[in-house]
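Participant: One-letter residues, chain by chain:
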Amino acid sequence: DSGVTQTPKHLITATGQRVTLRCSPRSGDLSVYWYQQSLDQGLQFLIQYYNGEERAKGNILERFSAQQFPDLHSELNLSSLELGDSALYFCASSGPGEKVYGYTFGSGTRLTVV
Amino acid sequence: GQNIDQPTEMTATEGAIVQINCTYQTSGFNGLFWYQQHAGEAPTFLSYNVLDGLEEKGRFSSFLSRSKGYSYLLLKELQMKDSASYLCAHSGYSTLTFGKGTMLLVSP
Numbered sequence: 026d027s028g029v030t031q032t033p034k035h036l037i038t039a040t041g042q043r044v045t046l047r048c049s050p051r052s053g054d055l056s057v058y059w060y061q062q063s064l065d066q067g068l069q070f071l072i073q074y075y076n077g078e079e080r081a082k083g084n085i086l087e088r089f090s091a092q093q094f095p096d097l098h099s100e101l102n103l104s105s106l107e108l109g110d111s112a113l114y115f116c117a118s119s120g121p122g123e124k125v126y127g128y129t130f131g132s133g134t135r136l137t138v139v
Numbered sequence: 297g298q299n300i301d302q303p304t305e306m307t308a309t310e311g312a313i314v315q316i317n318c319t320y321q322t323s324g325f326n327g328l329f330w331y332q333q334h335a336g337e338a339p340t341f342l343s344y345n346v347l348d349g350l351e352e353k354g355r356f357s358s359f360l361s362r363s364k365g366y367s368y369l370l371l372k373e374l375q376m377k378d379s380a381s382y383l384c385a386h387s388g389y390s391t392l393t394f395g396k397g398t399m400l401l402v403s404p
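Protein sequence lines correspond, in order, to chains A and B. Just add 25 to wherever you are in the first sequence, counting from 1, and you've got the working numbering. Just add 296 to wherever you are in the second sequence, counting from 1, and you've got the working numbering.
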């Protein structure tokens with residue numbers, strides 16, 4: 026157990042639907058990162074939050090949004106889902122400082138859009 | 297990561313030594329990481345280099361040359377369980393950018 030908790034582990038949904046992925050960071054970590062990993066693309070950075078505030082944005086689609094709550098857990102919302110959104114979604118955390126010395130990853134959520 | 301290059305696949309024999317190379321281009325460099333990822337699982341941290349030179353950790357070593365934008369991961373005494381994807385990543389101040397990974401297949 027890495028200390029980073031992601032739920033759910035698996036999600037199957039239809040095109041056009043909306044889903045929410047949840048992440049609780051490791052105790053003491055203030056940064057949460059979301060990554061998407063598809064078979065041919067590797068780990069693609071989506072977005073980072075630090076202590077409740079958005080800090081960095083990567084290749085995140087407008088249909089996707091995220092937030093970090095006061096208790097530091099984070100949610101990634103994916104809407105108007107398309108077949109191409111099927112992927113592994115990883116959350117990672119680091120901290121407590123903002124400078125990164127490596128991530129701890131959660132076990133991921135496998136999203137299948139049918 | 298479009299600015300990180302590593303081989304797509306490598307094969308090696310159990311007990312052998314393998315070197316996985318990584319080249320990168322970035323500004324604001326703050327360190328070079330290697331992660332191991334088994335299929336369908338989360339990446340796990342292997343090593344971190346911020347200064348030039350070799351860092352050794354058991355069967356795994358990692359080397360960095362900042363002037364050349366080059367790193368390698370050296371795996372010794374290969375075991376079947378080392379079959380996995382190895383991800384090179386460089387860090388900016390607060391985020392990591394990953395390469396696409398090198399799939400290593402260890403055969404008996």
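These are computed hints drawn from the structure, not numbers from a lab. Wrong hints could be hidden among the right ones.
[Claimed, not checked] Each pair of labels, with its calculated beta carbon distance range:
1) 122(A) to 352(B): 24 to 30 Å
2) 63(A) to 361(B): 41 to 47 Å
3) 370(B) to 76(A): 34 to 40 Å
4) 107(A) to 309(B): 40 to 46 Å
5) 334(B) to 85(A): 24 to 30 Å
6) 375(B) to 52(A): 45 to 51 Å
7) 346(B) to 94(A): 31 to 37 Å
8) 404(B) to 102(A): 29 to 35 Å
9) 77(A) to 401(B): 24 to 30 Å
10) 353(B) to 37(A): 21 to 27 Å
11) 124(A) to 353(B): 37 to 43 Å
We treat Cβ as the ideally placed atom computed from N, Cα and C, and that holds for glycine.
Participant: For the hint 41 to 47 Å, verify it against the beta carbon of residue 63(A) and that of residue 361(B).
Facilitator: violated (31 Å)
Participant: Taking 21 to 27 Å as the stated bounds, is the beta-carbon spacing between residue 353(B) and residue 37(A) within them?
Facilitator: At 39 Å between Cβs, range violated.
Participant: Looking only at beta-carbon atoms, does the pair residue 404(B), residue 102(A) fall within the given range of 29 to 35 Å?
Facilitator: violated (46 Å)
Participant: State, for the Cβ atoms of residue 107(A) and residue 309(B), whether the hinted interval 40 to 46 Å holds or is violated.
Facilitator: Roughly 43 Å apart at Cβ, these two residues keep to the hinted range, so it holds.
Participant: Holds or violated: the 31 to 37 Å window for the beta-carbon distance between residue 346(B) and residue 94(A)?
Facilitator: holds (32 Å)
Participant: Do the beta carbons of residue 124(A) and residue 353(B) sit within 37 to 43 Å of each other?
Facilitator: violated (22 Å)
Participant: Evaluate the given range 45 to 51 Å for the C-beta pair formed by residue 375(B) and residue 52(A).
Facilitator: violated (32 Å)
Participant: Using the Cβ atoms, figure out if residue 122(A) sits within 24 to 30 Å of residue 352(B).
Facilitator: holds (27 Å)
Participant: Could one say that the CB atoms of residue 370(B) and residue 76(A) fall in the range 34 to 40 Å?
Facilitator: Given a distance of about 38 Å, which is inside 34 to 40 Å, the answer is holds.
Participant: Could you see if the CB distance from residue 334(B) to residue 85(A) stays within 24 to 30 Å?
Facilitator: holds (26 Å)
Participant: Could you check the hint for me, namely that residue 77(A) and residue 401(B) are 24 to 30 Å apart, CB to CB?
Facilitator: violated (43 Å)
Taken one by one, the earlier hints fail for this structure at numbers 2, 6, 8, 9, 10, 11, listed in ascending order.
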